[in-house]
Amino acid sequence: MKLSKRLALSAAVAASLLTLAGASHAQAALDNIQKAKLIKIAIPTDFPPYGFVGIDLKPQGLDIDMANFIAAKMGVKIELMPVTSANRIAYLQTKKADLVISTLGKNAEREKVIDFTSAYSPFFQGIYGPKTISIKTMADLAGKTVAATRGALEDQELTKVAPAGTDIKRFEDNNATVSAFVAGQTQLLATGVSVAGVMMQKNPQLNTEYKLLLKDSPNFIGVAKGEDALRTKVNAIIAEGKKSGDIDKMAQKWLGRPAGQLPE
Amino acid sequence: MAIELDFAAVLTEWPLLVKGVAWTLGLTAVSAVLGVLLGIGCAWVRTQGPGWSRPGVAAYVELIRNTPFIVQLFFIFFGLPAMGVRLSPEWSSVIAMVINLGAYSAEIVRAGIQTTPAGQIEAAMSLALSRMQTFIWVVLPPALQRVWPALVSQIIIVMLGSAVCGQISTEELSFAANLIQSRNFRAFEAFIVATAIYLLLSIATRATLNWFGQRFLFGGRRG
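Protein chains in written order, with the working numbering: chain A, 1 to 264; chain B, 1001 to 1223.
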């Protein structure tokens, strides 16, 4: 029968794809980088001032500076790969990227699938909304619509703490999340402090204010699970950057304040 | 290191997947009915409608067929609020899909109408049928029959295209797969499951529509 033949063909294609995906090696990342003289780093382009596209259409921001800093210290060329909050961990798992420097916060779920270096920059997430809506505690979120970026820490955190009846609208990337809030498609916005800052600056007519703290979470660099050689190398570079003041300088340049005490 | 597959992690989230399938099918059903009706209307205008109305419909068809679906969707969801029209993600998705399918099916149905033999219309006229009666009872059923496979394919393309509606937080199947993988990082498994479900949905939809067309639209029960 035609139908079953077609199904069998599809199954065969799927099976061959699975076999292809099985080939990769542990602990090879650092060697590969040094051999190819190229490091592939996943960075955000939707998250100012950590990573965004400037008027010259090139990515810039704190995360991009950090990526360039690491490549320079390792003495290799750099290839920047723009990723979103939802797909950045998949980039690491599938070895499309050697490092993820993309405002990546650390939590237990993520530590199961990837490894983290020391922290390199400060960050916190909050809930924002217009002055006309009164939000004093998490319980006030019931019955409100909140925009969040799917798979970002604020989504995971909000899903955990929001009361029943909170309507969380999840968008693909931070640009869409902010656009939805600005267009009035949601009442509230859950996002990082930097994104909210830029949004408020560009849309003063919305009268947006900071409502609640979701999570205080410094940014870490993600490496693929088990790539200890690469992780140790990057940690050494971060420690060096902290001592020399380069990391403080980056935070000062993009966030307007020094990096402060960051967890190892 | 071989990648270890863990489908259980994805399948335990089955309520999300079921909801996703329901939304995908629901969006497709509504937009298929309304979109094909819109397409038939536009095809009528472009072939037999009053002259003044043709350029407007032609412009609509060309505009939609020459711009990406996701741009149309974003225009409705992010753009229209600037003009004071605020639609929910679900309504935005339905409207975008109807408008999109309407334009494509207009051209498909028009092709069917234009291949109607002149003698068939003349015969209808000589039986004193009005122009509207001729169109609905004599021209349209065989025209639809001729282009039905193309029309069914277009409906399936729109169903698969509904995957981008997840971008504006409509909770369809791709949204569900994406949400699951962003929670448990089982991207490979989540999208394998989504792929399999889409494949089954497409095959089932095609079979259903082929049966439906034969049975109700041009099955020859009109006497």
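Simulated from the structure, these hints should not be mistaken for lab results.
The model shown is predicted, which means the values in this text are computed figures rather than measured ones.
C-beta atoms are modelled at their ideal positions from N, C-alpha and C, and glycine is treated no differently.
Among the hints, a few may not be true.
[Stated by the list, open to error] If you anchor each label on the Cβ, the simulated ranges turn out as follows: (1) B:1217 with A:124: 57 to 63 Å; (2) A:263 with B:1004: 55 to 61 Å; (3) A:183 with B:1051: 35 to 41 Å.
Hints, one by one, checked against the model:
no., hint, result
1, B:1217 with A:124: 57 to 63 Å, "holds (59 Å)"
2, A:263 with B:1004: 55 to 61 Å, "violated (30 Å)"
3, A:183 with B:1051: 35 to 41 Å, "holds (39 Å)"
Hint 2 alone, counting from the list given before, is not met by this structure.
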